[in-house]
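**Student:** If you want the building blocks of each chain, they are given just below.
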Amino acid sequence: EAGVVQSPRYKIIEKKQPVAFWCNPISGHNTLYWYLQNLGQGPELLIRYENEEAVDDSQLPKDRFSAERLKGVDSTLKIQPAELGDSAVYLCASSLAGWDEQFFGPGTRLTVL
Amino acid sequence: AQSVTQLGSHVSVSEGALVLLRCNYSSSVPPYLFWYVQYPNQGLQLLLKYTSAATLVKGINGFEAEFKKSETSFHLTKPSAHMSDAAEYFCAVSTPGGTSYGKLTFGQGTILTVHP
Numbered sequence: 001e002a003g004v005v006q007s008p009r010y011k012i013i014e015k016k017q018p019v020a021f022w023c024n025p026i027s028g029h030n031t032l033y034w035y036l037q038n039l040g041q042g043p044e045l046l047i048r049y050e051n052e053e054a055v056d057d058s059q060l061p062k063d064r065f066s067a068e069r070l071k072g073v074d075s076t077l078k079i080q081p082a083e084l085g086d087s088a089v090y091l092c093a094s095s096l097a098g099w100d101e102q103f104f105g106p107g108t109r110l111t112v113l
Numbered sequence: 114a115q116s117v118t119q120l121g122s123h124v125s126v127s128e129g130a131l132v133l134l135r136c137n138y139s140s141s142v143p144p145y146l147f148w149y150v151q152y153p154n155q156g157l158q159l160l161l162k163y164t165s166a167a168t169l170v171k172g173i174n175g176f177e178a179e180f181k182k183s184e185t186s187f188h189l190t191k192p193s194a195h196m197s198d199a200a201e202y203f204c205a206v207s208t209p210g211g212t213s214y215g216k217l218t219f220g221q222g223t224i225l226t227v228h229p
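Residue numbers (this note's numbering), protein chains in the order written: chain A, 1 to 113; chain X, 114 to 229.
I should point out that these hints are in silico values taken from the structure, not numbers from a laboratory.
Quantities reported herein were computed from a predicted structural model and do not represent experimental measurements.
None of the hints are false.
DSS-like mimics (lysine-lysine), calculated; alpha carbons at most 27 Å apart, straight line:
no., chain 1, residue 1, chain 2, residue 2
1, X, K171, X, K216
2, X, K216, A, K71
3, A, K15, A, K78
4, X, K216, A, K78
5, X, K216, A, K62
6, X, K162, X, K181
Hey, can you work out the whole structure from these sequences and the hints?
**Tutor:** Laid out in structure tokens, this is it:
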């Protein structure tokens, strides 16, 4: 069974540029999460989807970050414009339901110059 | 509100020695507790979880953890370290039920180094 797929794995951009990350969850998993992991810290939840509905986006900086999961399957996280402080690893995870084990993808490492 | 504190950002042990990684939590309701491992450039992998059944939880790769309510702790142990255990370990808490069910709050992580 394929795990959570994320692309790209690495991205280097200049500040003020836009960037997008893509996540394909495990087949059949209704719940999808985006986490931010700064260097030397644990992941922090940005947004959680139940199917196509964002049920918890309280930690998403909505002035520059946006996310979508249009058909309740794969998801895209966007930053526009990127700032130096956005350099981090962006992790996607999925679970069968909100209370089930979360399976993590390998992450996208973003470097903003 | 829920939070996790991992004592010690770095732990170093010799191969074959006991591994002890400390985790204390704070939660207003009975929590679910988790330990994840992260190898370089990889995502997090679940080692074990406590969901209010047995207080001593056994996980993969010989790891186990004991839930101690009186101490609000969930320390991770392994009797004999192996070189392949070198990685970063994260303790996490979630609260079952309510609007934040399933939301994981992670600790800062502990990097485990294993010496030959």
